[in-house]
Amino acid sequence: MKGLLLLVAILAQAAALQQPDGPAPRAADGKADLSGVWNKALVQNTAKAVEPLPFTPDGLKAFNDVWNHIDPTSRCIFPGVPRVNTSPYPMQIVQTPDKVIFLYEYMHNFRVIYTDGRTHRPLWEPSLLGDSIGHWEGDTLVIDTVKLTDRTWLDDHGDRHSDQLHVIERWRRMSANKLHYEETIDDPKFYTKPWTVGWDIPLAPKDWVVMEYACTDNNKDLYDGHLQNGPLDGSLRDGTAIGKPAPPRR
Amino acid sequence: MTLVYVLILAALGHHSFAAEFDGNKPLTLKGVVTKVEWQSPHIWIYVDVKEPDGKITPWQCEGGAPNALTRQGWTRATFTIGGEVTIEGWQAKDGTHTCNAKSWALADGRRVLAGSSAESAK
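Chains as they are written, first to last, in my numbering: chain A, 12 to 261; chain B, 488 to 609.
Keep in mind that the hints were calculated from the coordinates and are not lab data. One or more of the hints may lead you astray.
Under the rule of at most 20 Å between Cα atoms (straight-line distance), these lysine to aspartate or glutamate pairs were calculated in the EDC-like manner [to be verified]:
no., chain 1, residue 1, chain 2, residue 2
1, A, Lys200, A, Asp32
2, B, Lys522, A, Asp40
3, B, Lys542, B, Glu524
4, B, Lys580, A, Asp161
5, B, Lys537, B, Glu575
6, A, Lys200, A, Asp161
7, A, Lys217, A, Asp40
8, A, Lys158, A, Asp142
9, A, Lys110, A, Asp40
10, A, Lys231, B, Glu571
11, A, Lys231, B, Glu524
12, A, Lys204, A, Asp161
13, B, Lys542, B, Asp509
14, A, Lys231, B, Asp509
15, B, Lys517, B, Glu575
16, B, Lys522, A, Asp228
17, B, Lys517, B, Asp535
18, A, Lys189, A, Asp32
Far from chain B, by Cβ distances over 12 Å, these chain A residues were calculated [claimed, not checked]:
no., residue
19, Lys59
20, Met118
21, Met185
22, Tyr224
Computed footprint of chain B on chain A; a stretch qualifies when at least three of its residues, placed anywhere within it, have a C-beta under 8 Å from a C-beta of chain B [stated by the list, open to error]:
no., segment
23, 107-115
24, 127-134
25, 238-247
All values derive from a computational prediction rather than experimental measurement. By construction, the Cβ of each residue, glycine as well, lies at the ideal position given by its N, Cα and C atoms.
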């Protein structure tokens, strides 16, 4: 018996070494706790895994028109939803029983997502971050966002959206050190059907905190007139985006 | 190594390298720091570069975000006014003495990747 216990202990220790990660922590109300500082990395072309995108004619026109515009974030306009989730720099999640708060370092954006059963606000003009409500499906936080303007882009690749954009985010803590993020882009004006992409986001090193990123503090590239048109990843548009992704610049 | 990689990735974003700088025109500048702007969204370091003929040319070079550089252990005080710095980067397309830094190196041997917007275009 003693030998068996020892064996179990050794196996447990070996498992712990293999997975120093551990299970997702639980909040007092029993839900998986998303709280923590997450090292959200930049995802430049969020649509890469599902290209070619199912463009409508208007959607393709907007995609090819990117080279006639400066990226809005270069002028310090908020990345908006969902791009705020794929912009660089960490974010902190604070979870309470009736809401989940997202604190983004990039451009100091924040979102308060209520999970108390309320519905979308009847009076809400289209805005950069839109109107978001949340609910839990098991351990997954599902966020539904509407009332978004068409002034933001989806990513650094210059993927676009219209004012009909409806975003569904799914956030799930897979383990202590890993968050899984998924976004569904539902925009009937620009895409013939919704498309979904997702990836993991690692927990940030223990001593990391969300820092200041005040985009308007010294945006010298804007003040000096250095900014030029085009997507941040430098990808070109050749007018044949259906069937193949935009060619790389070099 | 993984951590360094993550830090570099985390330092990207904000504006287009490809539109503003020429990736085909790499340069190395050695100069004396005259001014440091340690502010978001990107730091700017101003240097006086001595040409072979003795003439001094002022340059301005853009680096990563202060938050990303701070996480790599660099602060405003790392760059001393009057101190020597060697910059590897790329010149602006508009031909001005403006550059996008790939790395900063100090006279004492310390070196950091600038986490500049160029990384995202490569």
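Quick rundown of the hints versus the structure:
1. A/Lys200 - A/Asp32: Not OK: A/Lys200 and A/Asp32 at ~43 Å, beyond 20 Å, violated.
2. B/Lys522 - A/Asp40: Violated. B/Lys522 to A/Asp40 sits at ~53 Å, over the 20 Å cutoff.
3. B/Lys542 - B/Glu524: 25 Å, violated
4. B/Lys580 - A/Asp161: 30 Å, violated
5. B/Lys537 - B/Glu575: Holds, because 16 Å separates the two Cα atoms, which is no more than 20 Å.
6. A/Lys200 - A/Asp161: 11 Å, holds
7. A/Lys217 - A/Asp40: 25 Å, violated
8. A/Lys158 - A/Asp142: Measuring from Cα to Cα gives roughly 6 Å; hence the hint holds.
9. A/Lys110 - A/Asp40: 12 Å, holds
10. A/Lys231 - B/Glu571: 23 Å, violated
11. A/Lys231 - B/Glu524: 10 Å, holds
12. A/Lys204 - A/Asp161: 18 Å, holds
13. B/Lys542 - B/Asp509: 25 Å, violated
14. A/Lys231 - B/Asp509: Roughly 18 Å separates the two Cα atoms, so the pair holds.
15. B/Lys517 - B/Glu575: With Cα atoms ~9 Å apart, B/Lys517 and B/Glu575 stay inside 20 Å; holds.
16. B/Lys522 - A/Asp228: 17 Å, holds
17. B/Lys517 - B/Asp535: 8 Å, holds
18. A/Lys189 - A/Asp32: 8 Å, holds
19. Lys59: Since the minimum Cβ distance to chain B is about 14 Å, A/Lys59 lies beyond 12 Å and the statement holds.
20. Met118: 9 Å, violated
21. Met185: Nearest chain B Cβ is 18 Å from A/Met185, so the label holds.
22. Tyr224: At about 5 Å from chain B, A/Tyr224 fails to clear the 12 Å cut-off, so the statement is violated.
23. 107-115: violated (count 0)
24. 127-134: With 0 residues in contact (Cβ-Cβ under 8 Å with chain B), the coverage given for the segment 127-134 of chain A is violated.
25. 238-247: holds (count 8)
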